[in-house]
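Enquirer: Spelled out from the first residue to the last, the chains are:
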Amino acid sequence: MAAISESSGILTAVSKPLRTNQEGNRPLLHGLWSLEVDISDRSKNIVAASNRPTNSKCIYQCRCIILFLGLALWGCSGQQSALEPSGEEAASVAQLFWAMLGGGAVIWLGLMALLATAIRGKLGPIDNRAATQLVFWGGAVLPSAALVGLLGYALWLMPGLRPFANSGAPQVIIEVTGRQFWWDVIYRLPGGVQFRTANEIVLPVGQRVEFSLKSTDVIHSFWIPSLAGKVDMIPGRTNRLSLVATKEGRFRGPCAEYCGTSHALMAVEVTSLPVQEFALWTERRKQPSPGVFAPGSELFEKHGCGSCHRVEGTSAASRFGPDLSHLGSRNTLGAGILPNTPETISSFIVRPDAIKPGTHMPAFDMLPPDDIRSIAVWLKGLE
Amino acid sequence: MNTRARSSAPPGKAQEQRLREVWRTPSGWRYWTSVNNVDVGIWYAGAAFAFMLFAGVLALIMRAQLAVPDNDLVSADFYNQAFTLHGTVMMFLFAVPIFEAIAIFLLPPMLGARELPFPRLGAFGFWSFLLGGVFVCGSIFFNAAPSSGWFMYPPLATDEKLSGIGADIWLLGLSFIEVASIAAAVEIIVGIMKCRAPGMRINLMPLFAWYLLVVAGMILFAFPPLIAGDILFELQRMFDWPFFDPARGGDPLLWQHLFWIFGHPEVYIIFLPAIALMAMIVPTFAQRPIVGYSWIVLAAVGTGFLSFGLWVHHMFTTGLPQISLAFFSAASAAVAIPTAVQIFVFIATMLAGRVVLSIPMLFGAGSIATFVIGGLTGVMVALAPFDWQAHDTYFVVGHLHYVLIGGMLFPVVAGIYYYFPLINARHLSVRWGKIAFWLMFTGLNVAFFPMHLTGLRGMPRRVFTYPGDLGWDWLNLMSTAGAYTFAAGVLIVVADIVRPKHGDPKSALNPWNAGTLEWISEPEEMWGVRSIPIVESRYPLWDQKNLVADVNAGRFYLPDVEEGRREGMVTSVLDAKPEQVIRVPATGGITMIAAVALAAVFLTLTFKWWLAASLAGFATLATILYWLWTGTAEIPKKAERDAGLGLVLPLYTSGPASVGWWAMFITMTGNSTGFASLVFGYFFYWTIHADFTAGATGPGLTWPLISVALFVLAWGTMMLARSLNANGSVGLMRTILVTSSVLAIAAAAAALAGPWLHRMDPVAHVYPAIVWVLVGWTVVHAGLGVIMQFYCLARSVAGRLTPTHDMDLRNTCLYWHFLALMAAISGAIMGLFPEVGG
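Chains as they are written, first to last, in this note's numbering: chain A, 1 to 383; chain B, 1 to 838.
It is worth saying that the hints were derived from the structure and are not from the lab. All residues carry an ideal CB built from backbone N, CA and C; glycine is no exception. Please note that the accuracy of each hint is not assured.
Now the stretches of chain B that chain A is said to cover, found in silico as 3 or more residues with beta-carbon under 8 Å [said to hold, decoys possible]:
# : stretch
1 : 50–64
2 : 70–77
3 : 153–163
4 : 332–341
5 : 365–371
6 : 464–471
7 : 621–635
If you want the ones that stay clear, here's a sample from chain A, every Cβ over 12 Å from chain B, calculated [unchecked claim]:
#  : residue
8  : Tyr187
9  : Val193
10 : Glu257
11 : Val292
12 : Ser307
Sequences are here, hints too, so could you generate the full structure?
Expert: Pasting the structure below:
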C-alpha cells in the first residue's frame, strides 16, 4: 500500500502543471467531464462474465462496482457531430449539407403538392399532351438542371478539401494504424523526430496535418466527424487524409467500418491545441514519462506486460498492443470507452474481454489483486 | 379478328373439363410436386414473406438493444449476427425472390400465356431457394450465423478465427440461392420474349413485363460477379489461396469491387419491379392508360444500364483517386434522372385520369412520398465529399430504408392488396388496410427520419451499443418506437392475409376494372387463360370488345387438349407471331429431388465433408440428366398441331426459334459474365502491382496455346457434327462427336499442364492462384461440354435425337461457342500476358 500512496503522490505532482496547461484555458471543455452520471447496464455483463473461483470473486465485485461508476462517465470525450464542424473540410461539407437539405425540402414539398392535387383530382383530368409535357419538364429537364448545378458545386469543392503537401514541405505526419479494436499512432514531425502513442491524437489548431492510414488486421475506417470525412484503413494499402482543425476542442472519432465483435467499442480521442501548446505536448511525448521510475514498473515487467506493450524508458518494447508510454495523460481508456482511472485500468487488466468482447488481450485475473492495483496506479502515473 | 373468333365452333363444356383436368393441381402430399406457375408463385411469395418476417424480428431485437445507450439486452456477438442476417435475408431471401415469385405468378396470365416455358426450372428454383434460405436463417439458432456483415469484407470474413463457420454458411448458402435467382431470371426472360400471346408486339407489352425483362437481364449480369467473388472467397477460406491477402499479393478491395458490381445493380433489381407494380396499379386507379409509355420503358432500361456504372459510390472512402470519385459521383447522381421520369409518369397519369383512392393507391401514394425522400438523400450521398461524412453512418441506414421500404415494400404491399383477388377471389379488408397503412407510414418516418440526424451527429452503423452523451439517446429511442409501430402495421397486413375468408363475398372477375390480361381468368382455374387470345392493345380489356367472353368461351387459340398434354404457344420475340405449340411438363417431383441433391452439395461443402460432397455432386448431376432426358427436346408423335382459328403450328423447333436455345443463350451470357469477372480480377491484380507475377513462373506460352488450339479444333469438329447430323450422316456424326470429346479432354489436359508443369503453387502468391482459377474454370466448363456431347450421343443412339429433331445438338453447339470463346480468352491471357505483354 505504501507503493500506491507514493505513486499517487507522483501522479498529482506531475499532473499539476499539465492540468493547468491543458484544461485551465478551457473551462467549458472541463465541464464536459462532470456532466454525466448515467446508469450503465454494461457492468451487469461484467458481473455475469466474471464467474470465477471464490477467492477472487469478491475482488471482481469490487472491481465491478468501481467499473460501474467509471462507465457512467463513458464516452464523455468530446463531440462527434458532423454538423458542429471544427475543421475546414467538415465546415464545407456541413454547408453543402444545409444547402442540399434546403433544396431537397423545396423539391419534396413541390412534388407532394402535385401528388395531392393529382389524387384529389382538383385540376380535373389534364389532356395527354399536357401530361407528357409534365413528364418531360418535371421528370427530365428539371432534375437534370438541378443535378448539373449541384454536381458542379461538389466537384469544384472536392480538390480543395484534401490537398497533400509537396514532398519537400515540412509537415506533421501522423501515421495511424487501425487494430482490433484500438488505434496505433505514430507522429512523424518535421526534422525526422518521431514518437508513438495509442488511441489519442493531438493536433495543432490552424495547421494542416497529414494522416497516413493503415491497418494490419481487418478494415477499419478513420473518422473525426467534427473535423473531416472518413477514410478507410485497408490492409496492404496506405491511405492519406489531410485536414485542418480550425478551433480548439476535444473530439471523438469512432471507427466507421465494421471491424468485428467490438467495432462499437473503438474510438479515438482527438484534441486540438494552439500551436505552442501542441509543441509543448510533442516535447513531452518525445521523453519517457517521469512516472516510469515509480514503483510498479517491476511488476509490469515481471508479469510479462512487455510482451505486448511498450513503455518508453523501460524494457517493455513490444508493438503488438497499444503503446502505454504516456497512458496516464490520456482522457480515456480502452480506445475511447472508459474514463482513465486506476480503477478502470485494473478492471481492464483483470477481464478485458468482459469490457471489450473479442479483444486480443488475455485476461489477467490470475494475478494477485494487489499487483494489478499497483500496475494500474503505475500506469495511471505515466503522464 | 374477333369476328373470326366468334364464328368458330362453339366450344363445349367437355372441352373445358378436359383442359381443367390437364392443368389440375394434384391433391394430398402430391400437391408439393406441382410445378404450375400459380402454385410455385404462391409458395415462392409465401416463403419470401416468411423470411421477411424473420428478418424483421431480428430488426426489432436490434432496435430494442439500441433503444437506450449502454444496453446489454443482447451480446455483441448476437447483435452482429443479427444485423448480418437482417441485411442478408432482406436482400437475398426477400427483396429479390419476392419479385421472382410475383413474376412467376403473374407473368403467364398477364402475357396471355398458359405457363412459363420451363415450369420445372421454376419449381427447382423455388426448392433451392427454400432450402438455402432455411439453411442460412437457421444458423442463428445454433449461434453459427454469419457475423461479418452482409457485405462480408475480407480480411474480417476470410479469417477463420474472426468469422467462424458463419462465413461459409453465408458464401455457400447464398451461392445456392443465387443459382435459384439465375434460374428464375432465365425462365422470366424466355417467358417474356417467347411466350406472349399472338399480336402482343413488344411495344404492346404490359409495363410489368418490360420491367421484369430489364430486371431479369440485370440479374444475369449482376449475380455472376458475386458468384465469381464467392468462388475466390471460398477458395481462400478452404484452401488458403491468397486472393484477398495483401501479404501474398492479394487485395481486399477486389472483393469490394466484385461485391458492389453486384450490390448496386441489386438495389435496382429490387426497386424496378416495385415500380413495375406501380405501373400496373396507377393506370387502373386513374382509369386510363399510362402517360408516356415509351418514356417509362426508356427510363427503366436506362436505370438498368446506369446501375452498372456506379458501384464505386459504395467505395468513396477507400482512398480511390479523385478522378474516379468525380466520375462515379456524376454517374450516381445521373441515375436520379430516369427515376424522376418514372415518378413523374405516375403523377402525370394520375393528373390525366380520375384517381380512385383505394388501399393499393394509398400505399402507392405513400410510396412516392417516402421514396422521394430516399431519392433526395441518395443524391446527397452520391456526392463524394458529403459521402465521406455520411458513409457507414446512420444517415445511410435512414437513406436506404426510405428507398427500400418506400420504394419497394410499399409497392409490394400495394401489389398484395391489388392482386389478392387473383389468389382466392377475395378482397383484403379495406378498414384494416387503412390502419395498416397509417401505422406503417408513421412507423417508417418515425423510425428512419431521425436516423439521418443520428448519423450526421456521428453515430456509425453496425454498432451493438453506444455511449449515452453524444446527443443520440432520444433519436434512437424514437427510432425504436417507430420500428415497433411499423411492425404493428406489418402484423395487421399478415393477419389480414392469413385470416380465413370463407365467409367473405367472392370478388368480381375484374374487381378494379383493370385493363390488362391477368384479370381475365377465374382464380380457381389453373390454366392461365381458357384460350390464348389475339392481343391488339396495351390494355386489351379496355380496348378489345368482348375479349373476356370470347377468351373464356374458348373461342381463341388452343381451347382444347391434345394427347393429354399441357400446351402453350411460342411466338416471335419482337412481333409475337405464332411459331410453335410448346408442350410443358406437368407435375413431377424430380425438381425437388434435384434441389435437395444440390442443397446437399452446398451443405456438405460448408462442413468440408469432401466425400459426401462429391457423392451429392454426382447425385445432382444424375438427377439433372434424368430430368433433361425425360422432359426436354421430346420428339412429338406428329409434327404439327392445329391451334384453332385455322392456324397450324409445329410442335418441335430447334435453334433460335426454340425456347431451349434461348435459355442456353441467356444462361451462357450470365456464365460469361462470371468468367469476365474472374478476368477482371486477373487484370485488377496486374494494375495494383508493379510486378504482378512477383517473380513467380507463369504457365509458359506453349501449353496454354496448345490448349487453345485443341479447344478450337474440338469446337470445329462439334460444328461439323451438327452439320453432318443435319445432312443425315448419323453414324459419322457420332464418330465426330466422340472425336470432339477426345479433343476437348486433351485441351483441358493441356490447359492443366501449363501451371502444373511449371509447379505454380496457388497458396504461395495470388498470381499462381488466379491462373489456377482461370484454368479451373476452363476445365470445369470443358467437362460440362464433354458431358453434353455424350448426352447428345446417347440421345442419338436412343433415337431421341434425329437429323430433323436436333435441339440437343444445337444447344450443345451453342454452349460450345461460349466454351471455345472462354477457353481462347483464358488461354491467351495466361500464355501471352504478362509474359509477352510485359
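Enquirer: So is the stretch 621–635 of chain B in contact with chain A by the C-beta rule, three or more residues under 8 Å, or is the coverage claim wrong?
Expert: violated (count 0)
Enquirer: Do at least three Cβ atoms from the stretch 153–163 of chain B come closer than 8 Å to Cβ atoms of chain A?
Expert: Contact hint for the stretch 153–163 of chain B vs chain A: holds, 5 residues under 8 Å.
Enquirer: Counting residues of the stretch 50–64 of chain B with a beta carbon closer than 8 Å to any beta carbon of chain A, are there 3 or more?
Expert: violated (count 0)
Enquirer: So is Val292/A really clear of chain B, every C-beta pair being over 12 Å apart?
Expert: Holds: least Cβ distance 31 Å, greater than 12 Å.
Enquirer: Has the stretch 332–341 of chain B got at least three residues whose CB is nearer than 8 Å to a CB belonging to chain A?
Expert: holds (count 6)
Enquirer: Going by Cβ atoms, does Val193/A stay more than 12 Å from chain B at every point?
Expert: holds (27 Å)
Enquirer: In terms of Cβ atoms, is chain B entirely out of 12 Å range of Glu257/A?
Expert: For Glu257/A, whose nearest Cβ neighbour in chain B is about 6 Å away, the distance does not exceed 12 Å, so it is violated.
Enquirer: Does the claim that Tyr187/A lies off the interface hold, with its Cβ farther than 12 Å from every Cβ of chain B?
Expert: holds (21 Å)
Enquirer: Please check whether the stretch 464–471 of chain B has three or more residues whose CB lies within less than 8 Å of a CB on chain A.
Expert: holds (count 8)
Enquirer: Verify this label for me: Ser307/A is non-interface relative to chain B, using a Cβ-Cβ cutoff of 12 Å.
Expert: holds (20 Å)
Enquirer: Quick one: see if chain A covers the stretch 365–371 of chain B, three-plus residues with Cβ-Cβ under 8 Å.
Expert: Holds: 3 residues of the stretch 365–371 of chain B have a Cβ under 8 Å from chain A.
Enquirer: Mind checking, does the stretch 70–77 of chain B have 3 or more residues with a CB under 8 Å from chain A?
Expert: n = 6 at 8 Å, threshold three: holds.
Hint compliance for this structure: hints 1, 7 and 10 are broken, all remaining hints hold.
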